[in-house]
Amino acid sequence: MSIYSTFEMEDYVIEKTSQSKFMPVFLLSLLVVVWGTTFPIEKIMLETISPFTLNLVRFLIADVLMLIIFFPSIKRDFFGTWKDGLMLGATMGAGFIFQTWGLVYTTPAKSGFITSMYVVLATILSFIFEKTKISFNTILALIIAAAGIYMTELSGKVFEMNFGDFLTFLCAIAFAFQVLLMTILTKKHEGKEITLTFYQFLVITVVNIPFYAFSGHNDKWNFPDVIFILYMAIVASIIGIIIQAKYQKRIGTVSSSFIYAGEPVMATIFSVLMLKSTFSKTEIIGFVMITFAAIWAQIFHLSSSSSPSSYSSSSSSSSSS
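Start counting the sequence shown at 43; every next residue gets the next number (the numbering used here).
Rather than coming from a laboratory, the hints here were simulated on the basis of the structure. Nothing false has been slipped in among the hints.
Mimicking DSS-like on lysine-lysine, the simulated pairs with C-alpha atoms at most 25 Å apart in a straight line are: (1) 229 / 117; (2) 291 / 173; (3) 291 / 117; (4) 288 / 125; (5) 288 / 229; (6) 63 / 173; (7) 318 / 85; (8) 175 / 291; (9) 288 / 173; (10) 175 / 63; (11) 173 / 125; (12) 230 / 63; (13) 125 / 229; (14) 175 / 288; (15) 288 / 117; (16) 230 / 117; (17) 229 / 63; (18) 63 / 288; (19) 229 / 291; (20) 291 / 63; (21) 262 / 318; (22) 230 / 175; (23) 291 / 230; (24) 262 / 85; (25) 125 / 291.
Between beta-carbon pairs, the in silico distance windows are: (26) 321 / 230: 40 to 46 Å; (27) 110 / 327: 44 to 50 Å; (28) 252 / 176: 35 to 41 Å; (29) 261 / 147: 18 to 24 Å; (30) 259 / 229: 37 to 43 Å; (31) 106 / 320: 38 to 44 Å; (32) 181 / 272: 39 to 45 Å; (33) 204 / 128: 27 to 33 Å; (34) 324 / 229: 35 to 41 Å; (35) 229 / 71: 20 to 26 Å; (36) 111 / 337: 31 to 37 Å; (37) 202 / 316: 26 to 32 Å; (38) 232 / 171: 16 to 22 Å; (39) 113 / 248: 16 to 22 Å.
Glycine residues also receive a C-beta, built at the ideal position from the N, C-alpha and C atoms.
Work out the full structure, taking the sequences as your base and the hints as a guide.
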């Protein structure tokens with residue numbers, strides 16, 4: 043093979059890889075924007091509605107709507123995916139419970155910081171369970187992202203852990219496993235993402251029932267709350283988790299985690315727009331660090347997956363199948 047042919051093949055692989063990754067990266071980035079809007083919305087709603095009421099109603103609406111819209115698909119795959127669906131639901135449900143419980147004992151800023159660390163934990167879990175190769179550039183991006191999250195959420199303040207922080211750390215672990223399992227199990231159940239999503243919402247709904255029943259709440263619903271809860275149930279939950287289930291596996295756990303690192307940035311931006319919050323210089327530095335880390339990770343993830351060796355292995359595997 044000539045040198046010209048080798049370069050031509052490399053260009054083709056990079057272009058093909060870029061095209062195949064563009065849509066997942068774009069949609070997951072858009073998803074992070076949507077998830078970012080839910081933080082100020084929840085803060086507004088929690089002034090008149092209890093956390094467990096919010097979670098229960100949000101995911102109950104999502105369950106019912108999914109059952110109505112996607113009944114044929116759910117009926118077809120219900121028994122074939124129940125074990126893995128419940129596993130996904132358990133991790134997501136645990137994340138929401140520990141996060142809500144932890145907020146009773148810690149501040150929203152510390153909760154946001156610790157929860158957002160799931161993006162770092164997910165990368166570590168991918169290294170352990172998926173045997174993902176963690177390059178120097180990935181480690182560097184992880185450190186920058188973690189520091190950026192700290193600057194964004196805590197504005198450089200000294201971190202002191204209490205019981206609420208410990209509960210929130212368990213939340214971060216649960217969400218990290220949810221991200222990891224989302225990649226693994228949606229690959230295993232290709233084409234059954236709808237049912238896996240339904241299972242997640244079903245578990246969260248059932249788990250929240252006892253917490254709702256035995257917690258004190260004096261909910262006062264108003265019209266904006268109804269609009270907000272429908273937005274979170276339909277857009278942030280149904281559409282959002284289906285997008286995650288369909289597209290996260292195409293770029294992998296590590297690459298997706300760096301995209302999700304933008305969630306606290308979006309949450310802060312929308313808090314400024316909706317709640318008239320203000321940016322500090324430290325927060326702005328954190329935004330820049332998270333954005334830089336995400337772009338850095340995506341560039342090196344793309345280039346590493348576009349090498350001639352990866353092309354050769356993929357070509358040989360496809361020809362043998």
